[in-house]
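Protein sequence lines correspond, in order, to chains F and C. Here the first sequence is numbered in the working numbering, starting from 1 and rising by one per residue. Here the second sequence is numbered in the working numbering, starting from 213 and rising by one per residue.
Think of the hints as simulated: they come from the structure by calculation, not from any bench. Every value quoted in this text rests on a predicted model; they were computed, and no experiment measured them. Hints are supplied without guarantee of correctness; some may be wrong.
[To be verified] Not close to chain C: a few residues of chain F, all C-beta gaps over 10 Å, as computed: (1) Thr-23; (2) Leu-83; (3) His-85; (4) Gly-159; (5) Thr-196; (6) Arg-211.
[To be verified] Straight-line C-alpha distance at most 35 Å; calculated DSBU-like pairs for lysine-lysine: (7) Lys-284(C) / Lys-74(F); (8) Lys-189(F) / Lys-284(C); (9) Lys-311(C) / Lys-407(C); (10) Lys-350(C) / Lys-32(F); (11) Lys-44(F) / Lys-350(C); (12) Lys-74(F) / Lys-286(C); (13) Lys-138(F) / Lys-414(C); (14) Lys-350(C) / Lys-195(F); (15) Lys-350(C) / Lys-202(F); (16) Lys-154(F) / Lys-329(C).
Every residue, glycine too, gets a C-beta built ideally from N, C-alpha and C.
2 protein chains.
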Amino acid sequence: MNREIGNNRTENKNRVKSLQAKTDRGEATRQKLLTAAEEIFGTKGFHRASIVEITLKAGVAQGTFYLYFQSKDKIFEELVRELNHSLRCEISHAVSEVKSRQEAEEIGFGVFFAFIKEHRNLYRIVQEIQFVNEDLYKWYYTQFAEGYIEGLEKAMAAGEFRYLDPETVAYAFIGVAEFLGMRWVLWEKEDVPPKTLNTALKLIMEGVLPRK
Amino acid sequence: MNREIGNNRTENKNRVKSLQAKTDRGEATRQKLLTAAEEIFGTKGFHRASIVEITLKAGVAQGTFYLYFQSKDKIFEELVRELNHSLRCEISHAVSEVKSRQEAEEIGFGVFFAFIKEHRNLYRIVQEIQFVNEDLYKWYYTQFAEGYIEGLEKAMAAGEFRYLDPETVAYAFIGVAEFLGMRWVLWEKEDVPPKTLNTALKLIMEGVLPRK
DNA sequence: ATATAACATGAGACATGATTCATGTTTCAT
DNA sequence: ATGAAACATGAATCATGTCTCATGTTATAT
Numbered sequence: 001m002n003r004e005i006g007n008n009r010t011e012n013k014n015r016v017k018s019l020q021a022k023t024d025r026g027e028a029t030r031q032k033l034l035t036a037a038e039e040i041f042g043t044k045g046f047h048r049a050s051i052v053e054i055t056l057k058a059g060v061a062q063g064t065f066y067l068y069f070q071s072k073d074k075i076f077e078e079l080v081r082e083l084n085h086s087l088r089c090e091i092s093h094a095v096s097e098v099k100s101r102q103e104a105e106e107i108g109f110g111v112f113f114a115f116i117k118e119h120r121n122l123y124r125i126v127q128e129i130q131f132v133n134e135d136l137y138k139w140y141y142t143q144f145a146e147g148y149i150e151g152l153e154k155a156m157a158a159g160e161f162r163y164l165d166p167e168t169v170a171y172a173f174i175g176v177a178e179f180l181g182m183r184w185v186l187w188e189k190e191d192v193p194p195k196t197l198n199t200a201l202k203l204i205m206e207g208v209l210p211r212k
Numbered sequence: 213m214n215r216e217i218g219n220n221r222t223e224n225k226n227r228v229k230s231l232q233a234k235t236d237r238g239e240a241t242r243q244k245l246l247t248a249a250e251e252i253f254g255t256k257g258f259h260r261a262s263i264v265e266i267t268l269k270a271g272v273a274q275g276t277f278y279l280y281f282q283s284k285d286k287i288f289e290e291l292v293r294e295l296n297h298s299l300r301c302e303i304s305h306a307v308s309e310v311k312s313r314q315e316a317e318e319i320g321f322g323v324f325f326a327f328i329k330e331h332r333n334l335y336r337i338v339q340e341i342q343f344v345n346e347d348l349y350k351w352y353y354t355q356f357a358e359g360y361i362e363g364l365e366k367a368m369a370a371g372e373f374r375y376l377d378p379e380t381v382a383y384a385f386i387g388v389a390e391f392l393g394m395r396w397v398l399w400e401k402e403d404v405p406p407k408t409l410n411t412a413l414k415l416i417m418e419g420v421l422p423r424k
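With the hints as extra help, turn the sequences into a complete structure.
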């Protein structure tokens, strides 16, 4: 195993300490920390959460934390990016072989609610990002909006949806999903009731005005 | 002056210290603190804000803060309740002599966007309440939802809006308003563009599906 | 003029928590 | 078996921040 230790003067140049686990044991510890962090951040919020508590829950010493994460901010960021990625993956996968854009919205909303029910903790984290890392916060929603806009534009071009400024519609839909998720999943700790899901879909599809 | 020091065991019984200003001078100081707190909480978030900074901005000593507020949590709560109250007042006043429910929605959205533009700081505060005082957070949105539901029910009973579960519609509308406000007023520091406002209103009134 | 309630001060007691570091333990290729 | 890299420890350091308190100032009613 050629290690090239000799000419390794990059070692202190880029301040990024090792941080990646190099064995399975290390990776397992790293995962324990991430899992604990998800729980603690989610229940207490970023600022009230402490590294002590996270390491305690993970069953490791405080110092161990810094073997795998540069700082409290960084593990938080990693959690957020992970959440963003897996939620978008789940939705786009579920929606991939759908017949119409309307069906895509139905399935998308459903998957979103199911996801936050499973990840109530991480969902709460998102709300707090803006006070920890504002850019990350914008990134989080921009990622969603971009994919959404693309889908809407196609549906509008195809005449499935009428033309309305896609960015506005995207943020409006995201807002609807977030608030219904907050009201039922977060507050009631239940599924969003079918009635609510149906109402929401009718609302965004057809509006509140009576159809002639 | 009979001080009754000996038997004065009420002194510690009710923990509520004076807290209300008793003169104009005191009231002015109290206001200076509230104004400073609005600014600091709004820009840095609750946890990053410090009493030192608030008193510095208000131009008073640290100890003075505790003459008027019991704690950091309490001044935050007062700010939130004040915001909630004045926003609801502005909307209900603006909407009071409106002809139709549709017009009420148009004006309501407009006033909401105008309000958060003026109170960008306080608007950001709201997002953080849930990690400081979860009950207060629910209270904040429940207050809005209740008024909204009432208005929607009337409109539905009158046949102005078709019947859809009013609570769902209320939270959906609130979500739309919050997210468009976030995207344009908070992120761009601008007004919500007329195009966006129009799109949003069309969307909630008539939906995205093409009308025959 | 002066007593007194209200207002104001800011140093410091007290608490908390992120991060570091000197020291140990485990694993495994040789 | 052994040396070195990886992993692990937790007490100590360092920074920050809330809230208290002993003391001082202002305004005003008599």
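Status of the hints after comparison with the structure:
1. The Cβ of Thr-23(F) lies farther than 10 Å from every Cβ of chain C, with a closest approach of about 36 Å, so its non-interface assignment holds.
2. Against the 10 Å criterion, Leu-83(F) stays outside the reach of chain C, whose nearest CB is about 17 Å from its own CB.
3. Chain C leaves His-85(F) outside its interface by the beta-carbon criterion, the shortest separation being 21 Å against a cut-off of 10 Å.
4. A beta-carbon of chain C comes within 10 Å of the beta-carbon of Gly-159(F); the shortest separation is about 7 Å.
5. The beta carbon of Thr-196(F) sits about 5 Å from the closest Cβ of chain C, which is not more than 10 Å, so the claim that it is off the interface is violated.
6. Non-interface call for Arg-211(F) relative to chain C: violated, since the shortest CB-CB distance, roughly 7 Å, does not exceed 10 Å.
7. In summary, the hint linking Lys-284(C) to Lys-74(F) is supported, as the alpha carbons are separated by about 28 Å, within the 35 Å threshold.
8. Using a Cα cut-off of 35 Å, the hinted pair Lys-189(F) and Lys-284(C) holds, with the two alpha carbons roughly 30 Å apart.
9. Taken as a hint, the Lys-311(C) and Lys-407(C) pair is honoured in the structure, with Cα atoms around 23 Å apart against an allowance of 35 Å.
10. Our distance criterion of 35 Å between C-alpha atoms is met by Lys-350(C) and Lys-32(F), whose separation comes to about 32 Å.
11. With a C-alpha separation of about 16 Å, the suggested pair Lys-44(F) and Lys-350(C) falls inside the 35 Å cut-off, and the hint holds.
12. Distance hint between Lys-74(F) and Lys-286(C) is fulfilled; the C-alpha atoms sit about 31 Å from each other, no more than 35 Å.
13. The hinted pair formed by Lys-138(F) and Lys-414(C) meets the criterion: a straight-line CA distance of about 26 Å does not exceed 35 Å.
14. Restraint check: the Cα-Cα separation between Lys-350(C) and Lys-195(F) comes to about 22 Å, which is no more than 35 Å; the hinted pair holds.
15. Restraint check for Lys-350(C) and Lys-202(F): the C-alpha separation of about 26 Å stays at or below 35 Å, so the hint holds.
16. Taking the CA atoms of Lys-154(F) and Lys-329(C), the gap is about 33 Å. The hint holds against a cut of 35 Å.
Hints 4, 5, 6 from the list above are not met by this structure, while the remaining hints are.
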